[in-house]
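> Given next are the chains, with one letter for each unit.
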Amino acid sequence: MRYLASLIAASLLLAGITHAEEHEGRRLAMPAKVNAAWKTECGSCHMAYPPGLLPGRSWNALMNNLSHHFGSNASLDKGTEAEIRQFLLYASSDRDTRPAKAAPGERIVTRITDTARFADWHEEVRADVFRRQSVGSAANCMACHRGAEQGNFDEHQVRIPR
Amino acid sequence: MSRLFLLLLAASLAPLAQAASSPAELLQGYAAEARQAAPGFSGFSAERGKELYYRRNTKDGKAISCASCHSDDPRRSGMTPSFRKIGPMASAVNPERFRDPAKVEKWFRRNCDDVLSRACTPLEKGDFLTFLTTLR
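Chains A and B, in that order, are what the protein sequence lines are. Quick note on numbering: this note's numbering labels position 115 of the first sequence as 115, and the sequence is numbered without any gaps. Each number in this note's numbering comes from the position in the second sequence (counting from 1) with 162 added on.
Next up, chain B with everything else stripped away, as it sits in the complex (with noise of 0.2 Å):
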């Protein structure tokens, strides 16, 4: 019985040790793979993260961008179109934000794909991430 507990433990362990990252990692990780996509890759910027962020599109005949539900004010908590609260997206006032890279992941694949109908590059997840990590 004692056994069991500790083969459940373990198992309900292994996802959380998995977890654990910090912002700067998953950056390393997205720089990796934008170098490999493009050779003069020379860098990520704060100021195409921002542009990434406010981008406009159209949604089935409505405005969308990242900002309508993350908030004009990264610094804010913003609000599904579903009435959920979200967070603030910047770790200054959120230092939760961008911990787990399966989370992470998973939102820009949804996220990316409701906005611009297509998956976001490295290149743009790294903006992304710099803009709010940066962002004071």
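If we strip away everything but chain A, and leave its shape as in the complex, we get (with noise of 0.2 Å):
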């Protein structure tokens, strides 16, 4: 029973993903129907991330470590890591669903702010611009982008706090 309605839960991720809204431009897609768990726990410390802002293999060596999350204690039960891990899989940059398995010396990167699709966008903008105390750091995505956990950054929406 509790099997059927996971699978019945899964089936809906999908077709939710099959719907989502591709934006135009580089506004990134978000699923139409947003995990709710997600939305609360990953949404805890900080902004909840949109899971297009990384391949499924960075979601999945993240999931992997909860417990050592950058410094802090982020660790869920069994259950929610499944549901969450699955969101962020099917809805990540690249939809890739495998697990992840680091290559001997390779580091997978599980920061945004440390790919470089992240330096290309914000190649405009000087590095102590983030490190300004009205912006915090560059993984404060909200106090330029105010529309960041909707998956909006439009650029002409983009405001930088002095």
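Bear in mind the hints are in silico, worked out from the structure with no lab data behind them. Be careful, since some hints might not be right.
[To be verified] Distance condition first, Cα-Cα at most 30 Å in a straight line; then the derived DSS-like pairs of lysine-lysine:
| id | chain 1 | residue 1 | chain 2 | residue 2 |
| --- | --- | --- | --- | --- |
| 1 | A | K101 | B | K247 |
| 2 | A | K39 | B | K247 |
| 3 | A | K78 | A | K101 |
| 4 | B | K212 | B | K265 |
| 5 | A | K33 | B | K268 |
| 6 | A | K101 | B | K268 |
| 7 | B | K212 | B | K224 |
| 8 | B | K247 | A | K78 |
| 9 | B | K247 | B | K268 |
| 10 | B | K221 | A | K33 |
| 11 | B | K221 | A | K39 |
| 12 | B | K221 | B | K247 |
| 13 | B | K265 | A | K39 |
| 14 | B | K247 | B | K212 |
| 15 | B | K224 | B | K265 |
| 16 | B | K224 | B | K268 |
| 17 | A | K39 | A | K78 |
| 18 | B | K224 | B | K247 |
| 19 | A | K39 | A | K101 |
| 20 | B | K247 | B | K265 |
| 21 | B | K221 | B | K268 |
| 22 | A | K33 | A | K78 |
| 23 | A | K78 | B | K268 |
| 24 | B | K268 | B | K212 |
| 25 | B | K268 | A | K39 |
| 26 | B | K221 | B | K265 |
| 27 | A | K33 | B | K247 |
| 28 | A | K78 | B | K221 |
| 29 | A | K101 | A | K33 |
[Claimed, not checked] Where chain B lies over chain A, by a calculated footprint (3+ residues, C-beta under 8 Å):
| id | segment |
| --- | --- |
| 30 | 42–54 |
| 31 | 139–149 |
Nothing here was measured: the structure is a model prediction, and the numbers come from that model. Glycine included, C-beta positions come from ideal geometry on N, C-alpha and C.
Reassemble the complex: the two chains are provided individually, in unrelated frames, and hints are given to aid placement.
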């Protein structure tokens, strides 16, 4: 019965994603149906970073190590962890759902702010702007992109605080 | 189809039914655990809970305490180092506090590990809740 319920939940999730709005330009696609556990659990310590910001491989690596999450204990019970992992993988930038396995010596990037895409997007933003008191750090997307949690990073709506 | 719907509904409501609880019930649970751990247990103390709330530790070279995220005044909102606002911890101003045992346990597990590098004892949990539910 539990199994059936999760099977149904999974197919609903998939259906939501195929119907996801693909925004124009570099606005990120967000699944039409956002997973509630992801929204509360991954949005309690910082903004809930939209799944399209990282490839599946990165989300997998991050989900494998939640009790040592960037210096914080962000551990979850097994059920919630599996549910969130599935949501992140299916809505990731490359929809890669295979288990992450680092090659010998390889370090899988788990910070959005360490990705090449992030550097490209912010080529014109000076490093000291990210360190402003009003911004805090580059990871605080919402300081400049008000709609960040909805996946809206439209460059015409960016406002950098002083 | 409607059967399926009911099934889904039941499955989604089940966790909600478990969640509802009051801080007093939680405290009863911690008291039972504390008694089991130490037969001399003689009740929780808001004073000790307060001491725990402000106790400072060093982590990665920086000072950290419960107050560093939950604010120096538990009747006010706090903020995580990663920029998320946290509602006040004192029940007097935030009646939503300490109502879901799974949520409370999850955060004790994480935050005690982050601040004290160990789990909190049932006595500490009860003291902490006593401090925050009696503060006016």
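> Against each hint, give a clear statement of whether it holds in the structure.
Hint-by-hint comparison with the structure:
Simply put, K101 of chain A and K247 of chain B have alpha-carbon atoms about 35 Å apart, too far for the 30 Å limit, and the pair is violated. Of the pairs offered as hints, the one joining K39 of chain A and K247 of chain B holds, with about 15 Å between alpha carbons and a cut-off of 30 Å not exceeded. This hinted pair checks out: K78 of chain A and K101 of chain A have alpha carbons roughly 20 Å apart, not beyond 30 Å. Taking the CA atoms of K212 of chain B and K265 of chain B, the gap is near 21 Å; set against the 30 Å cutoff, the hint holds.
Restraint check: the Cα-Cα separation between K33 of chain A and K268 of chain B comes to about 26 Å, which is no more than 30 Å; the hinted pair holds. Restraint check for K101 of chain A and K268 of chain B: the C-alpha separation of about 28 Å stays at or below 30 Å, so the hint holds. Proposed proximity of K212 of chain B and K224 of chain B is supported: the alpha carbons are some 21 Å apart, at most 30 Å. Under the criterion of a C-alpha separation no larger than 30 Å, the hint pairing K247 of chain B with K78 of chain A is consistent with the structure, at around 27 Å.
In summary, the hint linking K247 of chain B to K268 of chain B is supported, as the alpha carbons are separated by about 18 Å, within the 30 Å threshold. The straight-line distance between the Cα atoms of K221 of chain B and K33 of chain A is roughly 38 Å, outside the 30 Å bound, and the hint therefore fails. A hinted pair counts as satisfied when its Cα atoms are at most 30 Å apart, and K221 of chain B with K39 of chain A qualifies at roughly 28 Å. The straight-line distance between the Cα atoms of K221 of chain B and K247 of chain B is roughly 21 Å, inside the 30 Å bound, and the hint therefore holds.
Distance check on the hinted pair: K265 of chain B and K39 of chain A sit about 15 Å apart at the alpha-carbon level, within 30 Å; holds. A threshold of 30 Å between alpha carbons decides the hint, and for K247 of chain B with K212 of chain B the separation of about 22 Å falls inside it, so the pair holds. Straight-line distance between C-alpha atoms of K224 of chain B and K265 of chain B comes to about 27 Å, which keeps the hinted pair within the 30 Å bound. Annotation: proposed proximity of K224 of chain B to K268 of chain B holds, straight-line Cα distance about 24 Å (limit 30 Å).
Restraint check for K39 of chain A and K78 of chain A: the C-alpha separation of about 17 Å stays at or below 30 Å, so the hint holds. Taking the CA atoms of K224 of chain B and K247 of chain B, the gap is near 21 Å; set against the 30 Å cutoff, the hint holds. A threshold of 30 Å between alpha carbons decides the hint, and for K39 of chain A with K101 of chain A the separation of about 26 Å falls inside it, so the pair holds. For the hint pairing K247 of chain B with K265 of chain B, the CA-to-CA distance comes to about 17 Å; that is within 30 Å, so the pair holds.
Between the alpha carbons of K221 of chain B and K268 of chain B the distance comes to roughly 20 Å, so the proposed pair stays at or under 30 Å and holds. For the proposed pair K33 of chain A and K78 of chain A, the alpha carbon gap of about 22 Å is at most 30 Å, so the pair holds. Between the alpha carbons of K78 of chain A and K268 of chain B the distance comes to roughly 12 Å, so the proposed pair stays at or under 30 Å and holds. At roughly 21 Å between alpha-carbon atoms, K268 of chain B and K212 of chain B fall within 30 Å of each other, so this suggested pair holds.
The hinted pair formed by K268 of chain B and K39 of chain A meets the criterion: a straight-line CA distance of about 16 Å does not exceed 30 Å. For a cut-off of 30 Å, the pair hint linking K221 of chain B to K265 of chain B stands: about 24 Å separates their Cα positions. Under the criterion of a C-alpha separation no larger than 30 Å, the hint pairing K33 of chain A with K247 of chain B is consistent with the structure, at around 25 Å. Note on K78 of chain A and K221 of chain B: the hinted pairing holds, with a Cα-Cα distance of about 27 Å set against a maximum of 30 Å.
As the CA atoms of K101 of chain A and K33 of chain A are separated by approximately 29 Å, the hinted pair is consistent with the 30 Å bound. Counting residues of the segment 42–54 of chain A whose CB lies closer than 8 Å to any CB of chain B gives 5, which reaches the minimum of 3, so the coverage claim holds. For the segment 139–149 of chain A, the stated coverage by chain B is satisfied: 4 residues place a CB nearer than 8 Å to a CB of that chain, which reaches the threshold of 3.
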